[in-house]
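A.B. asks: Listed here are the chains, written in short residue letters.
Number of protein chains: 2
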Amino acid sequence: MISVKEALKIVEANAFVPNISEVPLLESLGKILVEDIFADRDFPPFDRVAMDGIAINQKVESFKIEFTQFAGESQKFLKSPENCIEVMTGAVLPSGCNTVIRYEDVDIQEIDGVKIAKITIPLTEILPGQNIHRKGDDRKAGDTLLKKGLKISPPEIAVMASAGKTIVKVQMPPSVAVISTGDELVEITVNPLPYQIRMSNSYLLAAALERVGVKANLFHLTDDKELLFNKLKEILSNHDVILLSGGVSAGKKDFVPEILTDLGVKKLFHKVAQKPGKPFWFGKTDEGKTVFALPGNPVSTFLCFCKYFLERKNESVILDKDLFFKPDLTYFVPVKTYFQEGKLMATPFEGSGSADFANLTDCDGFVELPAENQVFKKGEVFEFIRFRF
Amino acid sequence: MISVKEALKIVEANAFVPNISEVPLLESLGKILVEDIFADRDFPPFDRVAMDGIAINQKVESFKIEFTQFAGESQKFLKSPENCIEVMTGAVLPSGCNTVIRYEDVDIQEIDGVKIAKITIPLTEILPGQNIHRKGDDRKAGDTLLKKGLKISPPEIAVMASAGKTIVKVQMPPSVAVISTGDELVEITVNPLPYQIRMSNSYLLAAALERVGVKANLFHLTDDKELLFNKLKEILSNHDVILLSGGVSAGKKDFVPEILTDLGVKKLFHKVAQKPGKPFWFGKTDEGKTVFALPGNPVSTFLCFCKYFLERKNESVILDKDLFFKPDLTYFVPVKTYFQEGKLMATPFEGSGSADFANLTDCDGFVELPAENQVFKKGEVFEFIRFRF
Numbered sequence: 001m002i003s004v005k006e007a008l009k010i011v012e013a014n015a016f017v018p019n020i021s022e023v024p025l026l027e028s029l030g031k032i033l034v035e036d037i038f039a040d041r042d043f044p045p046f047d048r049v050a051m052d053g054i055a056i057n058q059k060v061e062s063f064k065i066e067f068t069q070f071a072g073e074s075q076k077f078l079k080s081p082e083n084c085i086e087v088m089t090g091a092v093l094p095s096g097c098n099t100v101i102r103y104e105d106v107d108i109q110e111i112d113g114v115k116i117a118k119i120t121i122p123l124t125e126i127l128p129g130q131n132i133h134r135k136g137d138d139r140k141a142g143d144t145l146l147k148k149g150l151k152i153s154p155p156e157i158a159v160m161a162s163a164g165k166t167i168v169k170v171q172m173p174p175s176v177a178v179i180s181t182g183d184e185l186v187e188i189t190v191n192p193l194p195y196q197i198r199m200s201n202s203y204l205l206a207a208a209l210e211r212v213g214v215k216a217n218l219f220h221l222t223d224d225k226e227l228l229f230n231k232l233k234e235i236l237s238n239h240d241v242i243l244l245s246g247g248v249s250a251g252k253k254d255f256v257p258e259i260l261t262d263l264g265v266k267k268l269f270h271k272v273a274q275k276p277g278k279p280f281w282f283g284k285t286d287e288g289k290t291v292f293a294l295p296g297n298p299v300s301t302f303l304c305f306c307k308y309f310l311e312r313k314n315e316s317v318i319l320d321k322d323l324f325f326k327p328d329l330t331y332f333v334p335v336k337t338y339f340q341e342g343k344l345m346a347t348p349f350e351g352s353g354s355a356d357f358a359n360l361t362d363c364d365g366f367v368e369l370p371a372e373n374q375v376f377k378k379g380e381v382f383e384f385i386r387f388r389f
Numbered sequence: 001m002i003s004v005k006e007a008l009k010i011v012e013a014n015a016f017v018p019n020i021s022e023v024p025l026l027e028s029l030g031k032i033l034v035e036d037i038f039a040d041r042d043f044p045p046f047d048r049v050a051m052d053g054i055a056i057n058q059k060v061e062s063f064k065i066e067f068t069q070f071a072g073e074s075q076k077f078l079k080s081p082e083n084c085i086e087v088m089t090g091a092v093l094p095s096g097c098n099t100v101i102r103y104e105d106v107d108i109q110e111i112d113g114v115k116i117a118k119i120t121i122p123l124t125e126i127l128p129g130q131n132i133h134r135k136g137d138d139r140k141a142g143d144t145l146l147k148k149g150l151k152i153s154p155p156e157i158a159v160m161a162s163a164g165k166t167i168v169k170v171q172m173p174p175s176v177a178v179i180s181t182g183d184e185l186v187e188i189t190v191n192p193l194p195y196q197i198r199m200s201n202s203y204l205l206a207a208a209l210e211r212v213g214v215k216a217n218l219f220h221l222t223d224d225k226e227l228l229f230n231k232l233k234e235i236l237s238n239h240d241v242i243l244l245s246g247g248v249s250a251g252k253k254d255f256v257p258e259i260l261t262d263l264g265v266k267k268l269f270h271k272v273a274q275k276p277g278k279p280f281w282f283g284k285t286d287e288g289k290t291v292f293a294l295p296g297n298p299v300s301t302f303l304c305f306c307k308y309f310l311e312r313k314n315e316s317v318i319l320d321k322d323l324f325f326k327p328d329l330t331y332f333v334p335v336k337t338y339f340q341e342g343k344l345m346a347t348p349f350e351g352s353g354s355a356d357f358a359n360l361t362d363c364d365g366f367v368e369l370p371a372e373n374q375v376f377k378k379g380e381v382f383e384f385i386r387f388r389f
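Chains as they are written, first to last, in our numbering: chain B, 1 to 389; chain E, 1 to 389.
Keep in mind the hints are simulated off the structure, nothing from the lab.
Hints are supplied without guarantee of correctness; some may be wrong.
Which copy is meant is left open, so a pair is good if it fits within one copy or across any two.
When the alpha-carbon atoms are kept at most 30 Å apart in a straight line, the in silico DSS-like pairs for lysine-lysine are as follows [claimed, not checked]:
| hint | residue 1 | residue 2 |
| --- | --- | --- |
| 1 | K289 | K118 |
| 2 | K313 | K378 |
| 3 | K5 | K336 |
| 4 | K135 | K267 |
| 5 | K233 | K252 |
| 6 | K31 | K313 |
| 7 | K266 | K233 |
| 8 | K9 | K343 |
| 9 | K169 | K336 |
| 10 | K9 | K140 |
| 11 | K147 | K336 |
| 12 | K115 | K377 |
| 13 | K31 | K215 |
| 14 | K118 | K336 |
| 15 | K118 | K326 |
| 16 | K118 | K271 |
| 17 | K267 | K252 |
Looking at chain B on its own, in the form it has when it is part of the complex:
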């Protein structure tokens, strides 16, 4: 049995290599960028007026207003340095001007058909060059705006829009099949017999996948060797990544590992020193497709998915209660988190074990308690795996 650390390392080293595709800008949201994005021009592209007001050349008490420079107009010029130009936020700074005074600090009156602006604050408060966002101040043409490898969030979308990037090269999500197994499971539309339960794991995983931009195909297979072989063969041929739940433990109908091996999926590990989720099986085909055969108990399924499939985030939490756990296993406990003065606190909900998933609805994630320790004290810090965003 390998450790959680080793298992994670194997999963990461054998991750399915995503396809690269070019997609329209807004479709790139949430995906990994695989090209650098450069500024095609300076940011801002011109000396940009940053406040509505007047643009001046010389600091004097009052100015004749020559005209107005609006945003979206080509650059005008100040005819006489004693005068001023009314300027609007977003406009090009007129040539001949070097400072912008906002409307709040001037009084504009029309006298004999001539518009005069009078400064209403001490002249000493006007700083040369104020309220101008200078050409290239943020970025120069040719600068790298975004580096490949990052995950695209709304600010990156805005940056690409402003650089005219309408088509973006990104990693595409894998095509994923979610397969539940187990003869006791029935469809959620069915009224179960006393010894049956409705399937919930495939819905759990489908929802969790959708959260990260993956539309999964759902299947249910009964514990029948021939059926498992034929159906898994077909599903493997149509998908990049397979998430199975159930059928990986010591039971007499736990055929999944055997059938996967028969289908040419190479086992990379089976069983991890953790609770819940110990029977987790992970393998890979020659073509690089990966199979996560997760234990069937809902909490185990979900923990393994969150720990081994989702992107890692380096979050940590502070326990607000002591915990004890004797076995030499990494112990994952559902926790409810809350902020206390900038600290992320975690209240553990041990519940009644790996089949009790109803208490996950009170929780935000799992805390990871290392196998080496048996006592986990209030106030100690541990790794946190968030599942609620």
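Given chain B's structure and the hints, the job is docking chain E onto it.
C.D. replies: Just chain E now, kept in the frame of chain B:
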């Protein structure tokens, strides 16, 4: 000019009242549940075997195995109390049995066609009732599983699946129009003239809305009174919520507040004591439609959207650097966060003001620094508004 706190209170008190709809289970993900969900049966619905192994009635050294109880089979019964039944995880506990011993702790051999299980651990280590997940242990039939008002995440999807909830009553997202204004803006497909810039705000907002499950319709309107009136009228009639950017400040072509008033949108406030985003205008129609007229600078637009439109989360961060800000305004600064021993630390990126959105790509959210203070010391805790998930 009102405070951030007052502005937020007004926005919350006047939020668009969402439509209620019944959607298929998986479509309810990320939405607000508007009905309580009850357990239609006990969880688990039967005494459930929690380990593969044997089920016994009496603690003795060895047992004759009568047969196997598989998951998905109706309940069998132990004929003789000295014997045992092989049981699989997820199966009903056979009647006449009260304890399950996992395979790891027994040795099974076939002697003269009879299968015998011998216990391989001290009998004292076997606890009566072990490895059985009792009927109703997690929830009883009729118990409330989920309360209305919560946001549906994957665990809630799983709970509803197991309760047979195929159709769920939820709040539907509003229909949202995103409108950028400004004569200096051109489409992202266009090569801008020297005094033009490509529009980025509508892409920013569209992406941020998509993150919360809202597909927005995008529009661009130039600074023309008649056009603004006619187009805004049409857009208002087709949408529940309008997000405008630009045209709300003191500029001569800042027609937005005036036109909105002409269209019967009642102003609830204009200008908030904050930086960036001071010119924010907020209003509501008689039919309850809301209009967020956001300032046009990208950082202002985004800050106002995150602070006033997105769901509040009660996160706080610890500054890792001193900040100074003199004006009597709430100051929102983009920050990059990281975890340090369970504490969420924040490095501020003041950048070059509200038009410099390129530095948002280095950040995760905004820290909110109260107007009352001018000095914000390293180590102090402030409210955090996350925009990167």
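A.B. asks: If a hint holds in the structure, say so; if it doesn't, say that too.
C.D. replies: Comparing the hints with the structure gives:
no. : hint           : verdict
1   : K289 with K118 : neither (73 Å within a copy, 42 Å between copies)
2   : K313 with K378 : both (23 Å within a copy, 24 Å between copies)
3   : K5 with K336   : both (24 Å within a copy, 28 Å between copies)
4   : K135 with K267 : neither (58 Å within a copy, 36 Å between copies)
5   : K233 with K252 : within (22 Å within a copy, 68 Å between copies)
6   : K31 with K313  : both (16 Å within a copy, 24 Å between copies)
7   : K266 with K233 : within (14 Å within a copy, 62 Å between copies)
8   : K9 with K343   : both (29 Å within a copy, 26 Å between copies)
9   : K169 with K336 : between (38 Å within a copy, 26 Å between copies)
10  : K9 with K140   : neither (40 Å within a copy, 41 Å between copies)
11  : K147 with K336 : between (35 Å within a copy, 17 Å between copies)
12  : K115 with K377 : neither (74 Å within a copy, 47 Å between copies)
13  : K31 with K215  : both (14 Å within a copy, 18 Å between copies)
14  : K118 with K336 : neither (60 Å within a copy, 43 Å between copies)
15  : K118 with K326 : between (79 Å within a copy, 26 Å between copies)
16  : K118 with K271 : between (80 Å within a copy, 25 Å between copies)
17  : K267 with K252 : within (20 Å within a copy, 70 Å between copies)
When each numbered hint is compared with the structure, violations occur for hints 1, 4, 10, 12, 14.
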